[in-house]
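4 protein chains.
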Amino acid sequence: MITSETHKGKPFSSLHPQFNGLLDIPLVSAGKVAESDVDVIFLALPHGVSMEFAEKWSGHRAPMIDFSGDFRLSTPEVYSHWYKKEHTYPTGLQSAVYGLPEIHADEIRNARLVANPGCYPTASILALAPLLADDLILTDTIIIDAKSGLTGAGISANATTHFSNVNDNFKAYGVTNHRHTIEIEEQCAGLCGHHVTVQFTPHLLPVDRGILATVYARPRKATDQAAVEKRYRDFYRDQPFVRIRDENPSLKDVRGSNFCDIRPVFDPRTNRIIVLSAIDNLVKGAAGQAVHNMNIMFGWPQETGLMHVPLQP
Amino acid sequence: MITSETHKGKPFSSLHPQFNGLLDIPLVSAGKVAESDVDVIFLALPHGVSMEFAEKWSGHRAPMIDFSGDFRLSTPEVYSHWYKKEHTYPTGLQSAVYGLPEIHADEIRNARLVANPGCYPTASILALAPLLADDLILTDTIIIDAKSGLTGAGISANATTHFSNVNDNFKAYGVTNHRHTIEIEEQCAGLCGHHVTVQFTPHLLPVDRGILATVYARPRKATDQAAVEKRYRDFYRDQPFVRIRDENPSLKDVRGSNFCDIRPVFDPRTNRIIVLSAIDNLVKGAAGQAVHNMNIMFGWPQETGLMHVPLQP
Amino acid sequence: MITSETHKGKPFSSLHPQFNGLLDIPLVSAGKVAESDVDVIFLALPHGVSMEFAEKWSGHRAPMIDFSGDFRLSTPEVYSHWYKKEHTYPTGLQSAVYGLPEIHADEIRNARLVANPGCYPTASILALAPLLADDLILTDTIIIDAKSGLTGAGISANATTHFSNVNDNFKAYGVTNHRHTIEIEEQCAGLCGHHVTVQFTPHLLPVDRGILATVYARPRKATDQAAVEKRYRDFYRDQPFVRIRDENPSLKDVRGSNFCDIRPVFDPRTNRIIVLSAIDNLVKGAAGQAVHNMNIMFGWPQETGLMHVPLQP
Amino acid sequence: MITSETHKGKPFSSLHPQFNGLLDIPLVSAGKVAESDVDVIFLALPHGVSMEFAEKWSGHRAPMIDFSGDFRLSTPEVYSHWYKKEHTYPTGLQSAVYGLPEIHADEIRNARLVANPGCYPTASILALAPLLADDLILTDTIIIDAKSGLTGAGISANATTHFSNVNDNFKAYGVTNHRHTIEIEEQCAGLCGHHVTVQFTPHLLPVDRGILATVYARPRKATDQAAVEKRYRDFYRDQPFVRIRDENPSLKDVRGSNFCDIRPVFDPRTNRIIVLSAIDNLVKGAAGQAVHNMNIMFGWPQETGLMHVPLQP
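One line per chain: the protein sequences are A, B, C and D, in this order.
Quick note, the working numbering runs 138 ahead of the 1-based positions in the first sequence.
Quick note, the working numbering runs 138 ahead of the 1-based positions in the second sequence.
Quick note, the working numbering runs 138 ahead of the 1-based positions in the third sequence.
Quick note, the working numbering runs 138 ahead of the 1-based positions in the fourth sequence.
Hints may be right or wrong, so weigh each one.
Here's a subset of chain D near chain B, in silico, CB distances under 8 Å, partners left out [stated by the list, open to error]: (1) E240; (2) N296; (3) A297; (4) F301; (5) N305; (6) H316.
In silico BS3-like pairs for lysine-lysine, Cα to Cα no more than 30 Å straight-line [what the hints assert, rightly or not]: (7) K309/D <-> K309/A; (8) K148/C <-> K170/C; (9) K194/D <-> K223/D; (10) K309/B <-> K309/C.
These aren't lab readings, by the way, just hints derived from the structure by calculation.
Glycine included, every Cβ here is placed at the ideal spot set by N, Cα and C.
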């Protein structure tokens, strides 16, 4: 069942015409959904609203996968500092599992409430995890220069999403204070075991889908290209959705798919590691990752329903 | 097996990086392919080259589906007039079946050589077929104003395909003399049983994929919206890939899919029928239609391998 | 002075950052503008609102150039039929001059109220005028298949202008009933001296600026390419902003400029004339044409302030 | 006079149709140009070719402004290391002045051979100059994450410039080894007086024009936003083409103009300075800067011919 208060009664395909003849079922009000109707709940709501629903449905047998920022951070205090509002369901926050399958598959398997990661954090953490998990980089040198397609800004119509402000244009936003900064920092700290400060600068691309994160960091010890690359291949050996690349990944290499394509580079001239990481923000950065989490929670093969060939061109 | 003379030996995914980890098999030279290796042959070659291969492999047991313009027209004379070269395999031309499944499924079922339709003709003929099959329109009033994404111009790099000439731009080309004109005219004549002249004007859109054909014609007799619309729904009732729409179809409604979305409109003010028809030129207008033809030739369900949800946005 | 009720007090450049350092004057409320402050008034208001202001300021010495649809049509009845509202200033409507300089320069010179033409009508009428002024075409065969950049949809943010609905996409809208239809028909009738019905189909391009109109019509008498082309060159001989082209004009050929590039083609195979006409909808289709009208009204050289080289790429 | 060996004899406007009626003069062979015909020479040639011409014309009275990379670096050795070819005109290299007017106006005034800066270096050096000139940053912490429109890749048609590889896509290129790295490093060293190593990562945007450089560096001493911003405003006080901005500059804020829009930000959380710098790579990054250099060389007002309002949208 797909719920909507605004559009209840309309066929799903009337809002998303690509589904004509494929998914014409009517949208229903959330209030009409009986507990016995559902085996798993996907919450695709704004932050602040999501925690209300998560609390209301917390007694149901169906586990929840939440797309908002409400259950991704460590404490109510951190949440209220970055999201500028009180957290009303702190026990939910405490029990929630961060749903990045490549890192937290074991906890996800038994979770009742999964916090589906943000799109920027997904691309950024996967780019850094092999280095952080072995504490290979100086954690105050991390810079994440990230570029996102416009769908990252959501479906609401405003000056930011107006075609003429985006098309043939490019700009930074949220410089120094984007909310995904803290999500990335906390997850990175979890990986390396100590405090991490990242410089995170998002930019808005004139494309529909996709994030490319260009990540910079200084290694703790002398290294070289072969060692860095081997570390990435080893770390992601058994992961079906991470592809270590020899060339620079482009957004269309992953568009419409659940892949995260990563290229790690060591620059001996500057003694710096540069990691390029590309995802589709709507799939690996959102819905695909949620399905991946569901697959793990239900003990299904991880790839179930997710092995689409990226659409190129 | 996928053949290439230019790139033989390379993994397929090195040319099309979206297939990394999904299809890494090496490309092979066509000369290395044994007859026993193949059950069906897809010829994706330039016109002029295709007829050579089709002739060479005509004795094999595997049927052929050809993507070029070499086998779509009625006679060698018509071919040489519009394609400015001799046809060297006229018996192939004579035996070939025009592979538009919605119209010619019965002949396709038993064909040895299928001429996969051009992208513009696919969108145009499907827009006109319900009207022509009952001889409902004045055939000298047909105007097809068509707009195509850049992939219609092919993979070769030249001034036409240079980003800066296409992006944020729009123009007509091939005005009065595009080769698809005769392909459309001959197929339309086959449907209504008499000569048809169409005005066909293609334009180049700054998008990757998709064709929208806006088709105009005068009805022979008085009609109205309900009658026109009913005609379309009846005609395509059993066709899995044609969707009759109430709203104007957009390119993204069909992108990455084998659907043809059609909206017929009758304008009582001008006494004219206007039909909007949208396809993805790389799927319904090329590879998807070829697979559809293969499915019919082998007696498989028509939808096999083709029921992708269009990628939107 | 530039007025704005919503943004009064803010520097103009804060809304349009390209003007930083070039035009930082504060916006003022219209109510603060004294009669003696202004020599000419440009009204850039929604239809319905514009006629109120035009009436209020009708006693002032400054002539007015109006950008809305309020003063472009022939009678209040025609206006209310197509615009679905009453006309509250019919004497203004009666006295207004249609501001297409290539056709109406003499009336514009002495006008007190100029109705600046719509963007689609500008491209369409200029494409047809040489034929209509000599009654060379069958006026029930005119089809205008027009394609516009997104700025034609205005600055307001809504589903239509959301980047993800426009980018890499294309669709028709207003099929059979767009308001510019009647504006085109009335002006065409004025040129040829009898009733004209046009089929007008607008489409939305994923580009910022520009309109390309592809116009079709049957000639009354036998003709050829040379005669048609000569007619266009003669008709526009002394017009600084119309360029008759040998190749198909593209949107970028005129982007950012006041030019209208026109290519007329006669197709002997179908006995039809096809005219391609390109403008920048924000310049020749709006602000540039308004300045052109001002230049004529004040007796200045027509090109004053308007001779920009189109921005390509 | 505009020279071309490939297109000699053709009107300039036949290659650049936006100039129809504005600049129709025929292109001439360089060999036909007499010394007395020219007062200044603009060399728009590939590197390697440019030095041949510069040497051949070095005895003429007309000064030269060169667009290639041939005269931008310090020594023939550095040149051959980064450009992989011998420098055949080392005395030219030694005498050439680096044509960044905001930094080198005094030398430009008397130069016989000006090396017009690269597009990336222009955006990058202007972003860093106020900090470097007072030695305010740790020069081994500089990271320049730059994003360029496709025209940066030139007019030649190849896989890189093919629309379908660029549209709705994004990727990095030249990671760790782009030639503009050394140009930036040498100019930065000249400003601060000691060695500078920069990490320079260019990316390819699906836009026609524009570069946005996002520049990161650590301050040497404690600082704050007010101090950093004041430094930038003071440094560029008298420069007509640098605009210090309060908001994040976008590419369209400068498109078609000679402006460089800069926003400096200090992040107290990370103790890092982030500078956003936007130019049009074809104007401030190439032709406009060349005209600016000419204006200085001839003692004309700097703004002559260059005060275009950026085209937005």
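Hinted pair K309/D and K309/A, Cα distance within 30 Å | 16 Å, holds
Given hint K309/C paired with K309/B - CA-CA distance at most 30 Å = 16 Å, holds
Can the restraint linking K148/C and K170/C be considered satisfied, given a maximum Cα separation of 30 Å?
-> It holds: about 15 Å lies between the C-alpha atoms, which stays within 30 Å.
With a cut-off of 8 Å on the beta carbons, see whether N305/D makes it to chain B.
-> 6 Å, holds
Residue hint H316/D, partner chain B, criterion CB-CB below 8 Å = It is violated, given that the least Cβ distance between H316/D and chain B is near 20 Å, above 8 Å.
Was the hint right that F301/D lines chain B, CB cutoff 8 Å?
-> 4 Å, holds
Agreement of hint E240/D with chain B interface, Cβ distance less than 8 Å = E240/D check fails; min Cβ-Cβ to chain B is 28 Å, beyond 8 Å.
Do the alpha carbons of K194/D and K223/D lie within 30 Å of each other, as the hint requires?
-> 19 Å, holds
Does the interface hint hold: is N296/D within less than 8 Å of chain B, judged Cβ to Cβ?
-> OK, holds: N296/D within 8 Å of chain B, min 5 Å.
Would you settle whether the hint for A297/D is holds or violated, based on the nearest Cβ-Cβ distance to chain B being less than 8 Å?
-> Nearest chain B Cβ about 6 Å off; hint holds.
Checked against the numbered hints above, the structure breaks hints 1, 6 and satisfies the rest.
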